[in-house]
Each structure stands twice: as C-alpha cells, then as structure tokens.
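Residue numbers (the numbering used here), protein chains in the order written: chain R, 1 to 308; chain H, 309 to 637; chain C, 638 to 973.
None of these hints come from the bench; they were simulated from the model. A few of these clues could be false.
[What the hints assert, rightly or not] Some chain C residues close to chain R (C-beta under 7 Å, calculated; not the full set):
#1 Leu710
#2 Lys741
#3 Gly751
#4 Arg756
#5 Pro766
#6 Gln775
#7 Met778
#8 Ile779
#9 Arg782
#10 Gly791
#11 Asn793
#12 Ala797
[As the list claims (entries may be wrong)] Below 27 Å or equal to it, Euclidean Cα-Cα: the simulated DSSO-like pairs (lysine-lysine) are:
#13 Lys798/C with Lys771/C
#14 Lys798/C with Lys508/H
#15 Lys658/C with Lys687/C
#16 Lys924/C with Lys508/H
#17 Lys623/H with Lys508/H
#18 Lys378/H with Lys623/H
#19 Lys970/C with Lys935/C
#20 Lys575/H with Lys901/C
#21 Lys508/H with Lys428/H
#22 Lys33/R with Lys935/C
#23 Lys436/H with Lys401/H
#24 Lys401/H with Lys378/H
#25 Lys901/C with Lys687/C
#26 Lys687/C with Lys575/H
#27 Lys508/H with Lys315/H
#28 Lys780/C with Lys850/C
#29 Lys575/H with Lys850/C
#30 Lys780/C with Lys737/C
#31 Lys315/H with Lys623/H
#32 Lys435/H with Lys401/H
#33 Lys924/C with Lys459/H
We put the beta carbon where it would ideally sit given N, CA and C, even for glycine.
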Amino acid sequence: MTAISDTSKEWELAPPLSTRLKGMFGSTYRAAKRDLVLAAAITVLLVGLFLAIFAPTLARTDYERTDPVNRILAPNSHNWFGTDNWGRDVFDRTIVGTRLSFLVGFSVTLISTVIGVGVALVISYFRVLDAVMMRFVDGLLAFPTILLALALISLIGPSVGNVILALSVTATAGKIRLVRGAVLSLRESTYVEAARAIGVPVPRILMLHVLPNIVGIIIVQATFTLASAILAEASLSFLGAGVPEYVPSWGNIIATGQGYIQVGFHISFFPGLFLTGTVLAVVLIGDSVRDHLDPRLRGRLRTTAAQQ
Amino acid sequence: MTESLLKVENLRTHFRTDGGLVKAVDDVSFEVQQGETFALVGESGCGKSVTALSIMGLIPNPPGEIVSGKIELDGVDLTQLSFGEMRAIRGSKIAMIFQEPMTSLNPVLTIESQLSEALKIHTDLSKKAANDRALELINMVGIADARTRLKQYPHQLSGGQRQRVMIAMAMSCTPKLLIADEATTALDVTIQAQILDLMKDVTEQSGTALLIITHNLGIVARYANRVAVMYAGKLREVGEAVDMYTEPRHPYTVGLLRSVPRLDSEKGAPLAPIAGEIPDLTNLPGGCAFSPRCRWAVDRCFAENPLLEETSPGKKVACFEHASVGLNV
Amino acid sequence: MSSTPVGSVSATPILEVNQLKVYFPVKRGLIIQRTVGEVKAVDGVDLQIKHGETLGLVGESGSGKTTFGRAILRLNDATGGSIRYQGEDVLALRGRAMRKLRRKIGMVFQDPYGSLNPRMTVGNIVAEPMLVHKIFEQRSMIKDRVMELFDTVGLNRSMAKRYPHEFSGGQRQRIGIARALASGPQLLICDEPVSALDVSIQAQIISLFDRLKIEQNLTYLFIAHDLSVVRHVSDRVAVMYLGHVVEQGAADAIYRDPQHPYTKALLSAVPIPDPVVERRRERVVLKGDMPSPLNPPKGCVFNTRCPIAEERCFVEIPLPRTFSDGRQIACHKVVI
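This is chain R alone, in the form it adopts within the complex (with noise of 0.2 Å):
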C-alpha cells in the first residue's frame, strides 16, 4: 500500500472546525494555482458577486425606461449587448439582474440544503417521523415545481422574499427524499455500526461519521438547484407571480427575448451566457471542493500533481 499522505506534520487529535476549514480552502487555493478551469471559475463566480452588489451604480442607461425608437438593436458600439424589445439596454440589464439571480439562486440553494440535510439526518433515525415526514415530501413532490411555488406565491402574495421561499419548499423536499436515501444507506455501513459499538451518540454519529460521508452527493445537488432556481425564477416572473417584468433579471430576460428569438436572437443570449458560465462555475468549483474532501481522491490529486 502507498504512503499518500503529508508527510510534514504530525498527528493531531481532531483539530478544530476553523482549522479544518482553512485547510480545505488552502488545498483549493493551491489546486486553483495549478488548475487554470478551477481558478477561471472562481474568478467567474468574484466577477458575478461584484456586479451582484455594484452592478446598479455601474449601469450606464435607465435600464428600466422603455426607448421605443431604439427597439431590437443588435449588438454595437454603444448598446454591447445590444436593446430589448422596448428598446432597453441588455447589457446594463444583464448585469443589474445578476442582483436578483444570484439572490434567488443561493438563497434558494443555501435554504434547501441546510433544512433539506438537517431534517434528513434527524429523520433518518426517528422511524416515526420518517414515515410522516416522507408522504408528506412525496405528497410535495407529486406536484410540478412551478405550479406548486405558483400556488404557494398566489396565497402569499409575489415578492422577491416569496418567490425565494416558494422555490425553497420545493428544492427542499427534493433534498430531503435525495438526503434521507443516502444517509439510511450510510447508516448500514459497518463504521457507523462500529461507531455505535464504541458508544459513540447519535448526534456525533450524524455529524462525524455520516455527514462528511454524503458531502459529494449534497454539493452535486446544490448546483443543480443553483442552476434550476434561477430558471425557475424566471418562469415565475414570465407567468406575474415573481417579480415586475421591467425589473431586471437574468430569467426575466431571458424570458423576454424568448418572443423575438429570430429577430433579437441577442436578447436571451447575453443572459443566457452568464447563466451557463455561472452554473457552470458552480459546478466546477463544486467539484473541486468535494474532490478535496475526500482523502481517498486527495491523496490520488497529490500524487498525479506531483507526477506532472
């Protein structure tokens, strides 16, 4: 068998979270510096959440005033990304939509992972609420998400909040169905097995012994929420349960441009591409991280580095 590991330091007992975590964005730091993909689609992920937060102040034009007269524009020195259909400029509204998107988008994500994964690995080990708690996400999951999110939003009332919680309801009950399988899985191994053997409890069996074992699974899924929120979004905005059409986002765009594809093929193409690149961004970095928190794949990383 051979010695893959770090052979600079020695052994410590279970060094706390912080440093745990630091280690890790350290080894995804360092493989950034050797993995030119990763470290572009970090740099993607930076340039998104600057326009996220300045994009407004950067904007040239009133992305919200319609210019009749300028209508359908291609692409062109002035207007980059060329005009709408009411003669607004796609650029600017590509870039103040990132606001909203990447808000619905992690929101969403962040929401439905924690709550998804914590009200898994609690059910998990409560016969009783497992079978209550799983007809009721399968009753959830029986409806498409939109026409549920679009039900939830015409009792609440459509708002940037609402339409995050909407999606979260559904993305979360997806997560707990996906979760809840891996970690009943999970909980048969024999070091879990053994970890009860030495008398280990429950909730140090869920947080060390399970958890870090159904990492690859949950990032893999968040990316994918990642990427349908922010679609969803839009769909919601196309059909008046999400936000006005003249406030930008990505999706409102997109969906806008959808009525003039031959016409202004630009219109949802702008958007579109920051969509992908961000999606794809996600994935990557996801990935990456997953890849670094598996010792098996990070000796293996090691020693392909270190044979290149």
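Please arrange chains H and C on chain R, whose structure you already have, making use of the hints.
Quick look at chains H and C alone, frame taken from chain R:
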C-alpha cells in the same frame, strides 16, 4: 507418468493501471496431466486467479494483456486462437466455476433454460434432448427434486445448490479441464465438503482434469495430487501434494504451513506468522519478492531473482537457499 | 475428561446470558405493513463467560452467532431472556447508561475495509472512544494514549495521521483492535476478526489477540466460522445451529471427542492441512442445507440433516443436558 493436458509456458499477464504496471502473472510455467487434480495455492493478489483467467482467455483487455508465453491445451496454443475459436473451446474443452455462484447465474432465467442454453451452444441437441440432458445433469450433481428445481430461478436455490448447478453447467459438455476458482470459499464448511466431494467425483468419472485455485491449505491437502505455490506473480514451489506438506523447500511454503492453525493441534500451540505484509505489485522489492519477509534470506536474495528449478525428481523450487529450508529448521 | 480452566480464569462469570431470544419480524405490504412471520435468529441461548477466558462461538452462516454478539452490545434488540455483564442487567439499560456499557465491552468487526470511517485519520478513529466517554481531561493525554495503543497493536506511530484507505487489510484490523481497546474494556467481542484476511496475515492477528489477552487481562467472546482458528484461541467452545447452542464445553474435550451429531459433522468437514492425516480421516458429510430460520423444523432444529435422528427428534425439542465433564449437549441421543 501420463501425458500432460495443459502446458503453461513462461506466461506473463500484465495489467496497466493508474498506479503503474502490474505484473500479475510473471513468467509462470506448469503442467496439468490428464485427469489429475492440480492445486494453485496463494494469497490474495498473488496472481492465481489471473492465471486461470489467462487460460480461459478472459483477461479484460485493456487494461490486461497476455504479454508473452504459451498456454497449450492438447498441443494447441490457446493464446494464438481467434476470439471465435476460443469461445468454442470455452465450455466444451475447458470450463470454469467461480467463487460467487449468484452472480455467475442469470437471475431472470430459469435453471433449465440456462443449462440447456449451454448445451445448445456446444452441441446440436434438439430442444427436447437438451432439456432431457439438463435433467440428467441436475440429477448427477445431486440436487433433490430435480424437476421442480429446473423450473426455478437462481434466487430460490441455496448457495450450495447454485454451486451444484454451476458444476452441472460446467460438466455439461464433459470438458477436459475444469477450473474451480475459489469455488467453495463463500460456502459454509459442511456445504464446502459436499461441493468439493461432488467436484472430485464428477471429474473422476469423466476423466476431467481439475485445477483447484484456492488459499485454503486444508482443501489442497485433501484433494490435490500436485500443488503449485504462487507468490507475487511467480510460482515459488511445485511438486507432489504430500511432499509439499511434509518437506516444503521454499520459505514461503514453510511460512504458510506454520501460520495456519490446525484443527488437530493442541490449544495454544504457538503460531509462527510470516512477518510483514504482502507486497504491492506495482512496487515489488528487488531480487526475490519474498526476501523482505524471509527468515533464510541472504545478500544474494535481495539482488537477484531465483528461477524455478528442479531440486529433486518432480519437485521444483525457486529459492537460492532451498537446501537449508525446511519445516523444522 | 477434565475441563479445568487455564490461566487466570476466575470462577465468577463476567457475562451471563440466560434464555436469550432475538427475533426479527418479517413484514409484508406496501403501505400498511403487517408482520407475517419471525426470523428466530437466536432462540433461547444460555451462555456464560468467565473472567479471563476465551469463549469460541462457532456456527455456519445463519446460525445466529453474529446476532448473539451484537445483542450483548444492544446493537440488536433482544426479544426475551436476560444478559448480565458484571452483574448488571444489560437489557434494562437505557440511553447514557447503555452507552457506558459500550465503554466496558469492546468490539472488533469482520470487515477491515468497511469498519473504519474513510474520512477520519486513523489516529482520530482510535481516539474516538476516549473523546466520547471523556476518559481523559486533557487532550494531550488522549494523544499519548493513542500513541501507546499504536505501539500495543504493532503499528508505527507516524501512521496516525493517515487515512484508512492507505492501509492493508491486516493493518486496518490492527487499527480496529486499537479502537476496541481504547476505552479500556474487559470483554472483547470479536466477530469473525480474521476471516477476511489472508492466511499469513491471519496468523499475525491471531498472535496479537493471544498477546493482548495476557498483557491486558482480557476476556474474549470469539465468534468465527473457522473451526481451526477457534481451536487455537478458545478455552471453551459453544456450537450454534439455527439459533440454538447444540453443544458447549471445554474446547479440548469438544475437539477431541465431539458428541452432538452436528458438532461431529462440522469438525469432520474441516480439512486439515496435512495430506497424510487428512486422507485417512473418516468424515461425516452432511446432506442438504441448513433450513431457513424463518421456518425452522419442529422438534430438534437439526433433525432435517441429522444422520441419527429418530421419531422423538421430530417431535420434542431436546434441552441441553449437562454431562460429567461439564459439557452441555442438546441432543436426545447422546449418552456418555
């Protein structure tokens, strides 16, 4: 001595892996005589199963490949045959039984259809005749209530019964050579005894040679005529079974024999384990691969690899120090 | 026949199991589940282990030996009977008290690949029982103890920071043993601890068990299907078949002269690695398979395969009888 049925000469089967080149079988030569029971013994990763798969022409390529050497069955070199020719030999002249009988049988087909399938491929029996023969075979391997069993699916049979079906299937065309690769390892001892007895019986009746691949020295002692001991891709000692146990000449054979607890030994009789670990095949020690674990190793063993050489009639050992090696030394 | 205990075996039992039953319900139905039957994995087992001795529990797959071991640690729920560990009623323990029990009894598992969390360094794996049971006040003391345990089981101290996948099967089993010893238990339940290992590595681990028993003054419940290994380690042996103990007593006596027809068959089925001895042995080869524990035979559970069964055996369940040499045998037909 009867003439040899299977002749493996300087066989090398290598695998290309991420970790480097694995010489799973490295210059292996042995012969199996007509109708004899030959045992290939070794621990996990020693190359015994890869040897069997090489004979069957079942090495997955890539990553594996028979790099050089000959495998002659009745004078025909199997390594030179085309895929189609090899398929015709598999099942009719050589048959193999694997460790896991559940995965070797198709779970959605009845026992009858799987048995007659094997017959139809290699013979020109009609459907009716094939079904009759299937019944005959099931009776031969001692499965009670044969007619009902034939209509059942693999999961309805116990592990021992599934292995009996595998034997029936393997013997359906009366092959010249039957390879049993850890065929009883997954079974309980009482069932293991049944299956091994059965295998010995059916091969003796039809004059089929039996190649037993196992890590269990007890099985070898009971059933084998001759034995080859394998370690890290190479044969270390080949000879008569009785001889191997009473006068082992390779330090590894000695080590194995002294490290297995025996049913008939006294309680607490000390074991003499072999020190160290089984080496990683991608990173073998220089010289003789056993040298780091060997009590008899001298300087030469760490530098040079000993070849398998005849030390007395019918006995071959690959060790520089074989003259001083023994059970009581 | 003598059955005098060997070594530092004391007279008081450390573990006392009476009429233990572990049944698993078999449920059918998609939504409304109903119990359609029971698998009687352990069905009325009486066993005692004295302080300092090794009890070998043997049987084939499905005999209930693993379930028995797990029931002692409350990893499986007992359906009936009683378990006393050092006088304490194990089945009455709840919550924290039950976890405390697991500090006093260690367990070594069969699968060296699956029993270690792949995301933890092996140092942390060995340290976990001490952290969980708060055995030391200072973390530095835990570290020292982990290093000691690494020495004890024959692992290099520098290996502590590595992850399980970097170790071979034998090394992983050493790690598993170090973890089982970490909380300082007196009883070690070893469930097939060497059956997944290669022959040459097996002997290393068995020798380790031999040494630890003396050094740490341990008591073992050694569960295995390999009768030769059990022969080597055990003072006493209990043979299980379909949830019942059919024969138990001093290992020497049972191996020299098995009395129950199943024990006879089981021992004779194990080939001895010596062709001269092996080919002259007389063997009893059993017919058929072990019946399903879901539907065990009436009367004696062994009657479907027993070569000497008579009418009575199909009607009446044989109770264990104690014979002059202290052996307990559950068979109508045995007379000594």
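Hints and how they fare:
{"no.": "1", "hint": "Leu710", "result": "holds (5 Å)"}
{"no.": "2", "hint": "Lys741", "result": "violated (9 Å)"}
{"no.": "3", "hint": "Gly751", "result": "holds (4 Å)"}
{"no.": "4", "hint": "Arg756", "result": "holds (4 Å)"}
{"no.": "5", "hint": "Pro766", "result": "holds (4 Å)"}
{"no.": "6", "hint": "Gln775", "result": "violated (11 Å)"}
{"no.": "7", "hint": "Met778", "result": "violated (10 Å)"}
{"no.": "8", "hint": "Ile779", "result": "holds (6 Å)"}
{"no.": "9", "hint": "Arg782", "result": "violated (10 Å)"}
{"no.": "10", "hint": "Gly791", "result": "violated (16 Å)"}
{"no.": "11", "hint": "Asn793", "result": "violated (10 Å)"}
{"no.": "12", "hint": "Ala797", "result": "holds (4 Å)"}
{"no.": "13", "hint": "Lys798/C with Lys771/C", "result": "holds (21 Å)"}
{"no.": "14", "hint": "Lys798/C with Lys508/H", "result": "violated (50 Å)"}
{"no.": "15", "hint": "Lys658/C with Lys687/C", "result": "holds (21 Å)"}
{"no.": "16", "hint": "Lys924/C with Lys508/H", "result": "holds (17 Å)"}
{"no.": "17", "hint": "Lys623/H with Lys508/H", "result": "holds (24 Å)"}
{"no.": "18", "hint": "Lys378/H with Lys623/H", "result": "holds (22 Å)"}
{"no.": "19", "hint": "Lys970/C with Lys935/C", "result": "holds (17 Å)"}
{"no.": "20", "hint": "Lys575/H with Lys901/C", "result": "holds (18 Å)"}
{"no.": "21", "hint": "Lys508/H with Lys428/H", "result": "holds (26 Å)"}
{"no.": "22", "hint": "Lys33/R with Lys935/C", "result": "violated (72 Å)"}
{"no.": "23", "hint": "Lys436/H with Lys401/H", "result": "holds (24 Å)"}
{"no.": "24", "hint": "Lys401/H with Lys378/H", "result": "holds (17 Å)"}
{"no.": "25", "hint": "Lys901/C with Lys687/C", "result": "holds (26 Å)"}
{"no.": "26", "hint": "Lys687/C with Lys575/H", "result": "holds (18 Å)"}
{"no.": "27", "hint": "Lys508/H with Lys315/H", "result": "holds (21 Å)"}
{"no.": "28", "hint": "Lys780/C with Lys850/C", "result": "holds (24 Å)"}
{"no.": "29", "hint": "Lys575/H with Lys850/C", "result": "holds (15 Å)"}
{"no.": "30", "hint": "Lys780/C with Lys737/C", "result": "holds (22 Å)"}
{"no.": "31", "hint": "Lys315/H with Lys623/H", "result": "holds (16 Å)"}
{"no.": "32", "hint": "Lys435/H with Lys401/H", "result": "holds (22 Å)"}
{"no.": "33", "hint": "Lys924/C with Lys459/H", "result": "holds (22 Å)"}
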